[in-house]
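Go by the hints and put chains A and H onto chain U.
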Amino acid sequence: MNQNLTFFLWDCLQYLINGIAQGSLYALVALGYTMVYGIIRLVNFAHGEFLMIGAMCGFYALKFSLPMGAAILVAMLSSGIIAVVVERIVYRPIRASGRIPALITAIGTSLFFQYFGQLTFGADPKTIPPFIAEKIFNLGEVNVSNVQIAIFGITFFVLIFLWWLTHFTKVGKAMRATSFNLAAAELMGIDTNKIISFTFFLGAAIAGLGGMLMGYTMSIEPMMGMNLGTKAFVAAVVGGIGIIPGAALGGFIIGIAENLVAGLYKSSFRDGVSFFILIIILLVKPSGILGKNIKEKV
Amino acid sequence: MSASALLNLNQVTMKFGGLTAVNNVSLAVNPKDLVALIGPNGAGKTTLFNTITGIYKPTTGRVVFNNIDLKKTKSSDIAELGIARTFQNIRLFKNLTVIDNIKLAKHTRIHYGFWSGIFRTKKFLLEEKKIETECLKLLALFGLEHKKNLLAKNLSYGEQRKLEMARALGSEPKLLLLDEPAAGMNPTETKDLTDLIHLIRDQFNIAIILIEHDMKLVMEIAEKIFVLDYGNLIAEGAPKEIQNNPRVIEAYLGVESEDKS
Amino acid sequence: MDYYLQILLIVGIFITLTLSLNLINGFCGQFSLGHAGFWGAGAYASALYSVYYALPMTNSLNMLLALIVGFIAAALCGLLIGVPCLRLKGDYLAIATLGFGEIVRITITMTEKVGGPRGFINIPHWANIYWVYTIALITIFFMFNLKRSAFGRAIISIREDEIAAENMGVNLFKSKLFSFIIGAGIAGMAGALFAHTQQFLHPSNFNFMWSVIILVMVILGGQGSVTGSVIGAIVLTILPEFLRFVGGTISEWRMTIFPILLIVLMMSRPEGLFGAQELRWRFKKEKA
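Chains as they are written, first to last, in the working numbering: chain U, 93 to 390; chain A, 13 to 273; chain H, 498 to 785.
For reference, chain U alone in the conformation it holds in the complex:
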């Protein structure tokens, strides 16, 4: 009995570690959702597809025997550029029509890229090798790989970078101002269109990075954005959408919960976990864990 308990606890620890690594990836994707929502109050359904396109481009870059570092750069740039293009020609014209039309447009964009991806890249899954040679460390009964540590490290670095960007640079301050009040920011001389483009680029580039790092746990395919995107979006909502640290927190929560449930209960339940958490959060605190409650003015 006692031994069983020990094994159980070691198992839990293992799932926790895997969950943190997985959660780091969700966090990277969730950041883009949160930044875009923060600035124009749009749930960018196509965010997962930006990631998919980045990862695909990265995959082909590797195929043309570019080094890993360059391939990651290609992935980030292509994600970022496609996001800027989509924002410019699709989202910007619709922005004035209200939030629900914009949301529907985002869904349309997402679906378009899924099928577009199938037709251009093929429906077959593709594998991206780990970005560093994998080494596994045994700590007692649990295994930790250097890839997992690196992914966590990179996510942490990205968060620090974003914090620095939004608090200490001109463009970051402009982003915060735009997110606070778009019309007022415009009156203060901020080119809000440029800031919104920049936000899309940044969020998508980070997602592209996440897409490349993901290669170590899963293969990439045109439909991946849907599943991954919804989970990352759930992470953003759970943490408090529009709040950068919230996205990271939400990502970790979803990652850990998924691994615990899949490990301890049923692996087929993995994909349902995030939605259960989502519905609970929306009922208990719709503004998310770190969010503030705002009362509508009548």
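Some hints could be false.
[As the list claims (entries may be wrong)] Once the Cα atoms are required to be at most 30 Å apart in a straight line, the calculated DSSO-like pairs of lysine-lysine come out as:
(1) Lys671/H with Lys165/A
(2) Lys610/H with Lys384/U
(3) Lys84/A with Lys671/H
(4) Lys377/U with Lys84/A
Simulated from the structure, these hints should not be mistaken for laboratory data.
Okay, now just chains A and H, sitting in the frame of chain U:
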């Protein structure tokens, strides 16, 4: 607190977090009163309306309407009890026709059942016909009958204000709350509005509370005035008394002169 | 011939489905992204009845019962998701309903008794074109007359302005829940018809993509327009089939047509073809 009053506010306080929007306000409105609620911007006038109509529940204190404590009454049930209102920033059903806007107000006065409506029974048709006649009569009163099939959003600003009043009356209230009805109207329209408010009170026999910044209008029609400042009721009385009340001049007119500069 | 009959069946089922979402989305203004979940719940529940628990009576009576089972199962789902989620607004409600739809799909995939990921087979062929169009006509009749009664007006006023509606005496919660439950229930009946005409169900029939397709049909026709929904369902069921004939390349690209259509529609005419209005000549015909 008098038992004969239609509406009684008893030490009503409304707090939002650390902000006290309405502080310990007690007042009474009798049937067929025509009273005005004035005060500088941010004094808590609209919040008080929201508390009366149940959009907010008071933090402490009681709102009593027709001897019923509204503490646990839902906003929609308050409408049924007989309180109707207009909104500072017009809230019409913009994509519905003018007449449908008013028909909707009859919602709580409908007697036919759900299936009666689905199968269009005789009862349904008769009652809908009656409602239509009543609504047209109301529209005629406001001079909108020839626009009954227009979408509400296509009316002019002044007409929208009128339609909102007509809609409120459609719900057959005992108490009508008007939130800045003259806002954005030109002097001629305001003059018409003055007559209209008198007409409503006389024809429908109801009490009216009016929030208004147009002092000329207020002084002309209000029988009694309540003055709010920073959430506190600082004065109440007849228009003449209010005009000469030093606290009101300090709080209200002081702000007014700042506005002009 | 079979091919055309099949298209005709699907058109009829989608007319019912589109109208059911129009009640929630177009009439009441509650943005739902999980409608395929209600459809699926009705389809699977009715098939569960007909495969395992069918009573010894005629096929028609059994089909009627299957429809009722589908309605009740989906309506219960509507109640279950509606009570907690209907205080959410706009995009939050959209995400919650999306999550709900996915939960339904995942639950189906995990349930071995209904075939799990392999699909549910051997469903009896109880329904036919007459069943499909009878239900579609009943739904059209219901929606038309609802729209012109006090209850319909109350639901529509919520879409226009919740606060004003409440101040006019409309009970927001009850009206929203009503449209959610009835909308879900009708979608459940469409599911029962789908199950008993196709005789095979697969979880992928009820994924997010299908919620979006139904949504596009509603929006194309115009949110709040009954005739619009009918036309939206007809056009968008036949269009992809038509494209199939045009030729190889276009046929491959036809799945990208929905999304592009959706985007173009949102940019050029976000209120849909008819807005909330009805086609007049049809209006009279329907009334008769």
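Hints versus structure:
no.: 1; hint: Lys671/H with Lys165/A; result: 27 Å, holds
no.: 2; hint: Lys610/H with Lys384/U; result: 44 Å, violated
no.: 3; hint: Lys84/A with Lys671/H; result: 17 Å, holds
no.: 4; hint: Lys377/U with Lys84/A; result: 24 Å, holds
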